[in-house]
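Student: Now for the letters of each chain:
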Amino acid sequence: MKKTVDVSIPIGPMHPCWKEPIRLKCETIGERVLRTEVELGYMKKGIERIMRGRPWQEVMFLAERICGICSVIHNMVFIEAMEGISGIAVPPRAAYLRVVVNELDRMESHILANFSYCYTIEHETLAMYLLNVREIVLDQLERITGSRINTAYMIPGGVRFDITEEDAAALLAGLARVEEDVERYTRMFATSYLIALRSRGVGTMTREKAIEAHAVGPTGRASNVPECDLRLQHPTYQKLGFTPVCRTEGDNFARNMVRFDEVMQSISLIRQCIGQLPEGPIRGGGACTAGEITYQGEAPRGELTYYIKSDEYGRIIDITVRTPSIMNIEACTHHMINDVTSVADVTSTFISSDPCVACTER
Amino acid sequence: MSLLQKLKNRVRSKSIHVCFVDVGSCNGCDIEVLACLAPRYDIEQYGIYVHNNPREADILLVMGAVTPQWVDKLVAIWEKIPEPKAAIAIGNCPISGCVYNRRDSYIDPPAAKHIPIAAQVPGCPPRPTEILAAILSLAPTIFENYEEKKR
Amino acid sequence: MSESIIWYLREFLRTEWIRKFLLAKTDPLVTPPYFKDYPTLTGKECTACYQCMMICPAPGAIAVLRHDDGWRPEIYPGHCIRCGLCVEACPEDVLQSGRVLEAQHRDRTGFRATFHLSIDREICMRCGNCCISCPVGREGEPDGAVLKIEKGGVQILNSDLCTGCKTCEVNCPNRGIRVARVVEGVQEAAA
Amino acid sequence: MVTVEDGRIVAADNACTLGEQKFLGEPRLKGPIQREGKGWKDITYDEAILRTVEMLRDAERPLLFGWSGTHVEAQCIGVHMAEVLRGVIDNTSSVCHGPSILAIQEVGHPGCTLGQVKNRADLVVYWGCNPIEAHPRHLSRYTRYAEGFFLPNDYLDRTVIVADIRKTETGNIADEFVQVTPGGDYAVLSALRAIVRGKRDIIPRSVAGVPREQLFRIADRCLNAKFIAFYFGLGLTMSRGKYKNVRNAIELVSELNRHTKATISAMRGHYNVYGSNEVNTWMTGYPFGIDFARGIAFYNPGETTAIDVLARRECDACLVVASDPAAHFPRACVEHLADIPTVVIDPYPNATTAFADIQIPVAVTGIDAAGTAYRMDGVPIRMRRVLKTDYPSDEEILGRMYAMLQEDHPP
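Protein chains in written order, with my numbering: chain A, 36 to 397; chain B, 87 to 237; chain C, 1262 to 1452; chain D, 680 to 1090.
Okay, chain A solo, but in the shape it has when bound:
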């Protein structure tokens, strides 16, 4: 009998590269990895179940705690979906502030993803650099919202806190520091020979495959699928004249570079927002009512969809969340990890698609 697989190697659920519990089973021949299977289910808490029957002020926090890294976008999509149901208008100042906070969150998430990648390929210097830059971003987040993670900034009809002149100035100063540093680290990443060895041409996914697997977020955009950026459909981003970042290589390197570029893009978006920030109120009021909606937004990892049905008092009757990571994990196992040359590349490729297990399993 012909032996097809030498050994099946499990990676995880507790593994130094994974920050969250997930298990990969790699079937290998020699060093080569033939297939990979993902085993999920270590984080299932039943958040959608406990959301039912609750008003927005409780569901908002549960939505936020679907994922701690991209908490702001979960909050934003949920709140904007509730506003869509109830026909609540957002004051323009609040809409711009939402973009500011959302982009800050995207920055910290992208920097963290790149940190994880560098950590996984054992480039710890760059990893620590990035982690330190992330602290500056978190400082800005804390300055505006009062907390570093799980900010609870948006409420139906507006945001919770206004931004003062000094805060805006401090924010811009912080962003300048971040910009300078990230620019240097991007150069480091792009020119380093060692990183290139581990990244260029590893885990390649073509545009066709990406569309087939419905890859979203930076993973999709690295494979030249710019239309997967849902910020193109958001009214505030349209006003800001947003164009997505896009690369064509579709390998680990491209995915990280897309995230670096998006950090730079976020900085410019925030600057634009602060520059154009209209005067006026930050809360418009308005109570949540009954209705049904499917609403999407662009999370740091890609397309985030909420389906919500509510009753007359704005309590959630039914809710379904589709998070980006599930598409990316599938795309990763079927199209990227296939036939990589070593087990070490499995972890780095998997991390490069920036999987978020807490999002996926809820």
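Worth flagging that the hints you see were computed from the coordinates, not collected in a lab. This structure is a prediction, so every number in the text was calculated from the model and none was measured. For glycine and all other residues, C-beta sits at the position ideal for the given N, C-alpha and C. Hints are not guaranteed to be accurate.
Not the full set, but computed from the structure, chain C residues with beta-carbon under 8 Å of chain A [to be verified]: (1) Y1295; (2) Y1299; (3) T1301; (4) R1360.
Lysine-lysine pairs mimicking DSS-like chemistry, simulated, CA-CA at most 25 Å apart [claimed, not checked]: (5) K905/D - K1412/C; (6) K166/B - K60/A; (7) K166/B - K100/B; (8) K159/B - K79/A; (9) K60/A - K100/B; (10) K94/B - K159/B; (11) K274/A - K244/A; (12) K878/D - K846/D; (13) K905/D - K79/A; (14) K923/D - K846/D; (15) K846/D - K159/B.
Use these hints to put chains B, C and D onto chain A, whose structure you have.
Tutor: What follows is chains B, C and D alone, placed relative to chain A:
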């Protein structure tokens, strides 16, 4: 107290190996523990070294409301850690289940139901400084004179 | 390769880097003033209106307790998620956390809420947990209660007295009673 | 407070679903009925009493069962009747908290009244019972939600631990829920005793499905409490181990009493089952299952209890008072009950009616009859009557029967 014991106390309080396990959190505490690694907080200057092997750890950081998948695995990980050891609950989830602790959810908090928890760091998530302070304040008291206490 | 080595040399020969390398010092670990920590008491008098309990999104995080010298809200660390909503909801400014109170005064923001009680008579066991645990009307006046078991079921006597504190909902063993809290964030126009 | 319209109660205030059903009542019989062929015929009270007395007179070994749903005065007469008849008298506790009583006979009963619990208990343990469904107002009147004198913030000052084999509705509102594998109560209680004794190191990783750490937590909660009220239900008494479980629970409580104050009580079923035990005890010396066949009171659970008497097919006439054995007894016992002449004295038709030859409707104590009843904590309470109806009370019916029986056996 023997000289050897004094030496052990000294060494143990200056070299704390930490292993962390995420038993169903939202990631918030996870990344705050990661942030401790950042040069700003620089966990290693205090002699705390993070790595994810329970067999060489002294302190287990537990994050997350315990999901059914982890109930037995958490105990297994705890028992792999060599003595002297301690577990710290990071964040609200292992202390009370946080916002997930409602009827119909799948979780089984608190973590103290499954393994002995020596200290708790409340917060959702706690700041890295709070995590650091907890580890630093706990470690010497737990490990001090371990051999003598055991007797 | 060579380019990379040159690049690395350039990176490490920057004066800033060398200074950092030799005189490395971690930033002082300070908690910034704008951090929303656990709410603390301002010393103003609590009127036991239960708005904080109404808006609190975490189970068991806050409770308004009776002390010898009056009412006082108590925050339970380990349950509290430091969202600061109670600070915003409190009409008497009893609590404060970070810059929340200050920002609220500056922006004149607040919450407006209405409450609707509903009872599912099919599953209600009339155990009376809701009626007894309801904090409203416990002091003295007999007509001040929101709920009472009367005429074969839990009756809502004074729905306008309900503060939405959701004690009844939490203590109902089988979801027989529900309190809908319709909250909207509002802002007064700048004067 | 109840609302009365046209001589019927239409609504009751402050009553749970179970209590309200008691007050509203199902349709009651107009008068006594006797089985005739496949149907029933109406008879008068005099006829009914006469036939019952005849039935009991003719019986070799009559069984007088029930008594838990009636007042103390009627129970007294019941005991006298059993003595005169040299029959067996048993109450529902033989299929309910009988094992608890056996355990109490062995090791005593550190109990207290519900008023003490209400005012002092800061930790309430419900073991193997589901008060929300069986005693819905127990939590709100006496334990968790009641405003205690020493506990100004009632439910926030109290902790509730629920131990059961599955998560019940009471478990939903408990502070700590302990899931014990079925039949594992003895082991868990023993482990807790060991922990309270300070022998933590001998506890295995998990005891009957309860992790060691959780046992430590519970024990610590108990040791740190000021006053513990421990309530157990049929989940403890009627699961494997029976009275040994209860004995172990009582010993855990006395163990805890070395550190703090702790009391234990059973969650009794019928409103006056405690009274029945009391009456039997003060009159005969034994709480239930008393056999007068030898002329003196003889008590041997497993021999003189209703189930055993019926299962051995010894008894040849049965008087059921204020209870429903057909709904709770094993099949063999009910089959025998159908074979022998049976008289039911109960306000409402129930499952036993289907096996009875005569049913005599009576007034309900607390609604249209006055009487004394013992609460589950052993406090006698005089119950007043709210309605005036023509139904005779249990005491009246049984008194007449006893008077007739006494004529046969002059003292």
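Student: For this structure, which hints from the list above don't hold up?
Tutor: Violated hints: 2, 3, 5, 9, 10, 11, 12 and 13; rest satisfied.
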